[in-house]
Amino acid sequence: MASYKGHRINPDRFEKGQLKLYIFVVPLALITGLPIVFIFFHAFKPMEELFAFPPKFITVHPTLDNFSKLLKASRNAGIPLSKYVFNSILITIAVMAFSLAFTTMAAFSLSKLKYKGRNVLLKINEIAIMFVAVAVMIPRYLIVNKIGIIDSYWAQILPLIPLPVALFLVKQFVDQVPDSLIEAAYVDGAGDFTVYLKVILPLIKPAIATAAILVFQQVWTNLEASNYYINDDGLKSLAFYMNTLTSTSTTNTVAGQGIAAAASLILFLPNLILFCLLQKNVMNTMAHSGIK
Amino acid sequence: MQTENKKRGSKTGRKSLFNKNGYLFVAPYGLLFCIFILMPVIIAVGLSFTNFNTIEAPKFIGLLNYINLITADETFMQFVLPNTVKYALIVGVGGYVLAFLLAWALANMTKGPRTIFALILYSPSMTTGVAMSVLWKIMFTGDQTGYINSWLMNIGAIDEPIIWLSNAQYLLPIVIIIGLWSSMGVGFLAILAGILNIDESLYEAAAIDGVKNRFQEMIYVTIPSMKPQMLFAAVMQIVGAFQNGQISTLLAGNPTPGYAAQLIVNHIEDYGFIRYEMGYAAAVSVVLLLIVQIFSSVSKKLFTEKD
Numbered sequence: 008m009a010s011y012k013g014h015r016i017n018p019d020r021f022e023k024g025q026l027k028l029y030i031f032v033v034p035l036a037l038i039t040g041l042p043i044v045f046i047f048f049h050a051f052k053p054m055e056e057l058f059a060f061p062p063k064f065i066t067v068h069p070t071l072d073n074f075s076k077l078l079k080a081s082r083n084a085g086i087p088l089s090k091y092v093f094n095s096i097l098i099t100i101a102v103m104a105f106s107l108a109f110t111t112m113a114a115f116s117l118s119k120l121k122y123k124g125r126n127v128l129l130k131i132n133e134i135a136i137m138f139v140a141v142a143v144m145i146p147r148y149l150i151v152n153k154i155g156i157i158d159s160y161w162a163q164i165l166p167l168i169p170l171p172v173a174l175f176l177v178k179q180f181v182d183q184v185p186d187s188l189i190e191a192a193y194v195d196g197a198g199d200f201t202v203y204l205k206v207i208l209p210l211i212k213p214a215i216a217t218a219a220i221l222v223f224q225q226v227w228t229n230l231e232a233s234n235y236y237i238n239d240d241g242l243k244s245l246a247f248y249m250n251t252l253t254s255t256s257t258t259n260t261v262a263g264q265g266i267a268a269a270a271s272l273i274l275f276l277p278n279l280i281l282f283c284l285l286q287k288n289v290m291n292t293m294a295h296s297g298i299k
Numbered sequence: 002m003q004t005e006n007k008k009r010g011s012k013t014g015r016k017s018l019f020n021k022n023g024y025l026f027v028a029p030y031g032l033l034f035c036i037f038i039l040m041p042v043i044i045a046v047g048l049s050f051t052n053f054n055t056i057e058a059p060k061f062i063g064l065l066n067y068i069n070l071i072t073a074d075e076t077f078m079q080f081v082l083p084n085t086v087k088y089a090l091i092v093g094v095g096g097y098v099l100a101f102l103l104a105w106a107l108a109n110m111t112k113g114p115r116t117i118f119a120l121i122l123y124s125p126s127m128t129t130g131v132a133m134s135v136l137w138k139i140m141f142t143g144d145q146t147g148y149i150n151s152w153l154m155n156i157g158a159i160d161e162p163i164i165w166l167s168n169a170q171y172l173l174p175i176v177i178i179i180g181l182w183s184s185m186g187v188g189f190l191a192i193l194a195g196i197l198n199i200d201e202s203l204y205e206a207a208a209i210d211g212v213k214n215r216f217q218e219m220i221y222v223t224i225p226s227m228k229p230q231m232l233f234a235a236v237m238q239i240v241g242a243f244q245n246g247q248i249s250t251l252l253a254g255n256p257t258p259g260y261a262a263q264l265i266v267n268h269i270e271d272y273g274f275i276r277y278e279m280g281y282a283a284a285v286s287v288v289l290l291l292i293v294q295i296f297s298s299v300s301k302k303l304f305t306e307k308d
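Residue numbers (my numbering), protein chains in the order written: chain A, 8 to 299; chain B, 2 to 308.
Note that these hints are calculated values from the structure, not bench results. Take the hints with a grain of salt, since some may be wrong.
So the derived label-pair ranges between C-beta atoms look like this [what the hints assert, rightly or not]:
#, chain 1, residue 1, chain 2, residue 2, range
1, A, Tyr29, B, Gln79, 39 to 47 angstroms
2, A, Ala59, B, Asn255, 28 to 36 angstroms
3, B, Asn255, A, Thr70, 29 to 37 angstroms
4, A, Ile154, B, Ile220, 33 to 41 angstroms
5, A, Asn83, B, Gln294, 44 to 52 angstroms
6, B, Gly63, A, Ile157, 27 to 35 angstroms
7, B, Gly113, A, Thr70, 27 to 35 angstroms
Over 10 angstroms on every C-beta distance to chain A, these chain B residues come out as not near it, computed from the model [unchecked claim]:
#, residue
8, Ile56
9, Lys60
10, Ile71
11, Lys87
12, Ile91
13, Val94
14, Asn155
15, Ile159
16, Pro174
17, Leu190
18, Pro225
19, Val240
Don't be surprised by glycine CBs; every beta carbon is placed ideally from N, CA and C.
Construct the complete structure from the given sequences, taking the supplied hints into account.
Spelled out as structure tokens, the structure:
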């Protein structure tokens, strides 16, 4: 079979041979995509369509009713929706700012600066990628309690800042920055911090974007902090509030379902938008994601 | 400081040089890492040898928690462990194989469709399961107004609506399906990027060496050339699978009906935050961390480059 020339990965145009691939991928993509599409439809369903029997998948007369009911529901609960939104945005921005700053600094240090113990630190972080946060929610709670940040924004910010996967990916990317560039900056009289700020950061933007997405996903939908570290409802996050809407009482009523779907959509959309905006960077970073 | 740099010349590249600023740069991350990741693991291990109810000080009881876990905790041995193994094998290992096959198929497509499919397949993992629990509750509503029931009755597969989320028979399969649904995450993207970055001359060389079809290419060229990404993806898949275990209790409460979908993560929550037996819960946590570790070291054996 000398005629077989090998297939081209990443082909330029469609060929018949690719049809098999579509037969495999399309059904799975449909199954995967349908639930997401369903949430979109459901969130915009008017009352009579929510009650329709048999239930209809597609929304015929889209309406914003569910969203306005969501606003009202929170007003009746005593804490306005805007308070939860504010909390979540504040927490998310704070975690992302700290996390990205600390992660890139650590990545620069672990990749380009020479000192004793560096390889040990790297190894520890690599093992920590396997860290399953939910496994240690109890000791984490005890620590948060001990350092006295229960019932504060800090309890929702500090524990989420270190993300081993993000550091790992950013460090792998910093490895790609040629040493000669850094040398040149040092020769020009730059200090370590200037090199970090002026040489490293501009060159690792794709990795920063990827880390941003990963950190965002961790924070935005985080329930652990609100559930366990916060007693004051006024400090809890949007994800927490949305989850109370979706659990128990409200979903039993069909009207509650529409509100809950609207809530889910609000939680989901920022993730989707951020990923769409930054997806090129993610693929670029993932190319260097290997563990050797 | 700057003049000092000049004197020392090259700071990168040569091992013998020592830059103590390195510690400063790693310190903020390192400090938080120690407090919120390293310490919790150490405390979990420590607490697992104690009896601790959060009110009185922890009392050292040696290996009793572990012994009880294996010999006296019927729920754990009868439900939690088998459920977790089943879940981890299907969502962790099965999801990993699926992620690879999908990534491989996408890599063999043109750029436009590839980007769209990748986005669709990745999107469920963004929700981390939690935000979407409402979706599944609506879909699996237990009377004839539920979408799945209505659809199945429509095509004649069932006559009576099934109370999906309270039925021990269906709960675990549902949790597994949702787990698979949301498992095309970072690992999947890493594999896709890995496949796309393989040097094409390798495929040409392999064809000359007698590789005959796409399948052989996959086995002899693709996988061996991207072992590091395969390993990274494997680890992400395992961690993601266990992290997502919380979906069971979001759907059906804790404990799940008849412990049907009780996973090890839910067992920890049950003992830690419902019964306040923190020592015992810590022992279960340690077991969970060990399970993840075992899966990871198996992946390492499979994908570490031998050279």
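B/Ile56 remote from chain A - nearest C-beta pair above 10 angstroms = Fine: 13 angstroms to the nearest Cβ keeps B/Ile56 off the interface.
Return holds or violated for the Cβ distance of A/Asn83 and B/Gln294 against the range 44 to 52 angstroms.
-> holds (48 angstroms)
Since B/Ile159 was said not to touch the interface, does its Cβ keep a gap of more than 10 angstroms from each Cβ of chain A?
-> About 14 angstroms separates B/Ile159 from the closest Cβ of chain A, which puts it past 10 angstroms; holds.
Examine each Cβ of chain A, and state whether all of them lie more than 10 angstroms from the Cβ of B/Lys60.
-> Correct as stated: the minimum Cβ-Cβ distance to chain A is 16 angstroms, above 10 angstroms.
Against chain A, does B/Pro174 hold up as non-interface, every C-beta pair farther apart than 10 angstroms?
-> It holds; B/Pro174 is separated from chain A by about 15 angstroms at its closest Cβ, greater than 10 angstroms.
Please confirm whether B/Pro225 is truly not at the interface, meaning its C-beta sits more than 10 angstroms away from all C-beta atoms of chain A.
-> holds (13 angstroms)
Does the Cβ-Cβ separation between B/Gly63 and A/Ile157 fall within 27 to 35 angstroms?
-> Since B/Gly63 and A/Ile157 have Cβ atoms about 31 angstroms apart, the given range 27 to 35 angstroms holds.
Looking at B/Val240 again, its CB stays over 10 angstroms from all of chain A?
-> The assertion about B/Val240 is violated, with a minimum of 6 angstroms to chain A.
Verdict on B/Lys87 as a residue remote from chain A, using beta-carbon distances over 10 angstroms = holds (18 angstroms)
Could you say whether the range 33 to 41 angstroms given as a hint is met by the Cβ separation of A/Ile154 and B/Ile220?
-> violated (52 angstroms)
Classify the label on B/Ile71 as holds or violated, using whether its beta-carbon is more than 10 angstroms from each beta-carbon of chain A.
-> The assertion about B/Ile71 holds, with a minimum of 18 angstroms to chain A.
A/Tyr29 paired with B/Gln79, Cβ distance criterion 39 to 47 angstroms | holds (45 angstroms)
Violated hints, in rising order: 4, 14, 17 and 19; the structure is consistent with all others.
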